[in-house]
Amino acid sequence: MTAQASRRGAAALRAGELAVGQTFETVVVTDLKRTQIVQYAGASGDYNPLHTDEVYATMVAGYPSVFAHGMLTMGLTGQAVAGLVGTESLLRFGVRFTAQVWPGDTLTVRTSVTRILEGDGGPVAEFSVSTMALSATDGESREVVSGYAHARLAA
Amino acid sequence: MGALRFPVEAGHVLAFARALGAADPPGGLPGAGDAAPATFTIAAAQFDPEYPLRPRPGTPWHGSGGDAGLVTEGIGGLHAEQHFTYHRPIRVGDVLVPSTRPGEAWEKQGRSGRLRFRERITEFRDEAGQLVVTARSVSVQREAS
Chain A
1 MTAQASRRGA
11 AALRAGELAV
21 GQTFETVVVT
31 DLKRTQIVQY
41 AGASGDYNPL
51 HTDEVYATMV
61 AGYPSVFAHG
71 MLTMGLTGQA
81 VAGLVGTESL
91 LRFGVRFTAQ
101 VWPGDTLTVR
111 TSVTRILEGD
121 GGPVAEFSVS
131 TMALSATDGE
141 SREVVSGYAH
151 ARLAA
Chain B
1001 MGALRFPVEA
1011 GHVLAFARAL
1021 GAADPPGGLP
1031 GAGDAAPATF
1041 TIAAAQFDPE
1051 YPLRPRPGTP
1061 WHGSGGDAGL
1071 VTEGIGGLHA
1081 EQHFTYHRPI
1091 RVGDVLVPST
1101 RPGEAWEKQG
1111 RSGRLRFRER
1121 ITEFRDEAGQ
1131 LVVTARSVSV
1141 QREAS
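Keeping their order, the protein sequence lines are chains A and B.
Our numbering puts the first residue of the first sequence at 1, with every later residue one more than the last.
Our numbering puts the first residue of the second sequence at 1001, with every later residue one more than the last.
No wet-lab data here; the hints were simulated from the structure.
Check each hint, because a few of them may be wrong.
Simulated pairs of lysine to any residue, SDA-like, Cα-Cα distance not exceeding 20 Å [to be verified]: (1) A:Lys33 / A:Ser65; (2) A:Lys33 / A:Thr58; (3) A:Lys33 / A:Ala154; (4) A:Lys33 / A:Ser135; (5) A:Lys33 / A:Gly139; (6) A:Lys33 / A:Thr114; (7) B:Lys1108 / B:Ala1128; (8) B:Lys1108 / A:Lys33; (9) B:Lys1108 / B:Gln1141; (10) B:Lys1108 / B:Glu1119; (11) A:Lys33 / A:Gln100; (12) B:Lys1108 / A:Glu54; (13) A:Lys33 / A:Glu143; (14) A:Lys33 / B:Gln1141; (15) A:Lys33 / B:Gly1021; (16) A:Lys33 / A:Leu13; (17) A:Lys33 / A:Gly45; (18) B:Lys1108 / A:Ser135; (19) A:Lys33 / B:Ala1022; (20) B:Lys1108 / B:His1079; (21) A:Lys33 / A:Arg14; (22) A:Lys33 / B:Glu1081; (23) A:Lys33 / A:Gly119; (24) A:Lys33 / B:Glu1119.
Reference listing, derived: stretches of chain A covered by chain B, where coverage requires no fewer than 3 residues with Cβ under 8 Å from a Cβ of chain B [what the hints assert, rightly or not]: (25) 26-36; (26) 41-47; (27) 50-64; (28) 84-91; (29) 112-121; (30) 129-140.
Small disclaimer: the values here were computed from a predicted structure and weren't measured.
Ideal Cβ placement from N, Cα and C applies to all residues, glycine included.
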């Protein structure tokens, strides 16, 4: 089952609104621009030239172009998860970076309910989180982030 | 070394959220007590006086200028994993005090050489000493075989 994630702000999801297997998809960036990578460098403080300096990344480091900070991809992924459960409800969020994200990529976050538990402080939903990058260069889609999120639910 | 104090400032949270594609909040700036994005603690780098991935006066930088730049050793490898545990949300107005310790280290044979993984754990506490976020980061460095 796939549902389009709606904008929920800080409001927590209710336990009754979720079922195991339910999947939400959110496009978090379309045709990633180098400028957004630069914007993230400035905001995060990570000025590694691999991410922002095309000359360095290609001629010195030997990459095909600059590529996004892993934490930009995780941050975009987190925005999709937070849009679903509310930032205030998050208990855990973790990822593995499985491939690089390049300029031109379109990123889609897929969040699936894996478990709903009754915790001490009320119901908790566990999600698997997977971010796919559709490349503008080769038209291939690959997973760039694989992880999980746990969020408190409103009873 | 790490940041000694990490003030969670409205303008910084705004700039960080914009970089993640978020629309500005009503009124233009996040208000005191508003939750910062889930990955915001990574921006504690801004408050680390010795953070190596920021150009600083009097220190050579490895990006391009008149030439293409230099390969610099020891900038920490690539980011392999990142995990956050939230004891409570990070809020505008918090002043967080990070403390970092090394975690596990392990090796794996990759396709193009040995991969060395290194874990670092950072606890962010508020000024009252209460835990806000525990961050676990894994970096990987490739050794030519």
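How the hints compare with the structure:
no. : hint                  : in the structure
1   : A:Lys33 / A:Ser65     : 12 Å, holds
2   : A:Lys33 / A:Thr58     : 17 Å, holds
3   : A:Lys33 / A:Ala154    : 37 Å, violated
4   : A:Lys33 / A:Ser135    : 12 Å, holds
5   : A:Lys33 / A:Gly139    : 17 Å, holds
6   : A:Lys33 / A:Thr114    : 33 Å, violated
7   : B:Lys1108 / B:Ala1128 : 41 Å, violated
8   : B:Lys1108 / A:Lys33   : 34 Å, violated
9   : B:Lys1108 / B:Gln1141 : 11 Å, holds
10  : B:Lys1108 / B:Glu1119 : 14 Å, holds
11  : A:Lys33 / A:Gln100    : 14 Å, holds
12  : B:Lys1108 / A:Glu54   : 30 Å, violated
13  : A:Lys33 / A:Glu143    : 19 Å, holds
14  : A:Lys33 / B:Gln1141   : 27 Å, violated
15  : A:Lys33 / B:Gly1021   : 12 Å, holds
16  : A:Lys33 / A:Leu13     : 32 Å, violated
17  : A:Lys33 / A:Gly45     : 18 Å, holds
18  : B:Lys1108 / A:Ser135  : 29 Å, violated
19  : A:Lys33 / B:Ala1022   : 15 Å, holds
20  : B:Lys1108 / B:His1079 : 15 Å, holds
21  : A:Lys33 / A:Arg14     : 36 Å, violated
22  : A:Lys33 / B:Glu1081   : 24 Å, violated
23  : A:Lys33 / A:Gly119    : 42 Å, violated
24  : A:Lys33 / B:Glu1119   : 31 Å, violated
25  : 26-36                 : holds (count 3)
26  : 41-47                 : holds (count 6)
27  : 50-64                 : holds (count 7)
28  : 84-91                 : holds (count 4)
29  : 112-121               : violated (count 0)
30  : 129-140               : violated (count 0)
In the structure shown, a violation is registered for the earlier hints numbered 3, 6, 7, 8, 12, 14, 16, 18, 21, 22, 23, 24, 29 and 30, in ascending order.
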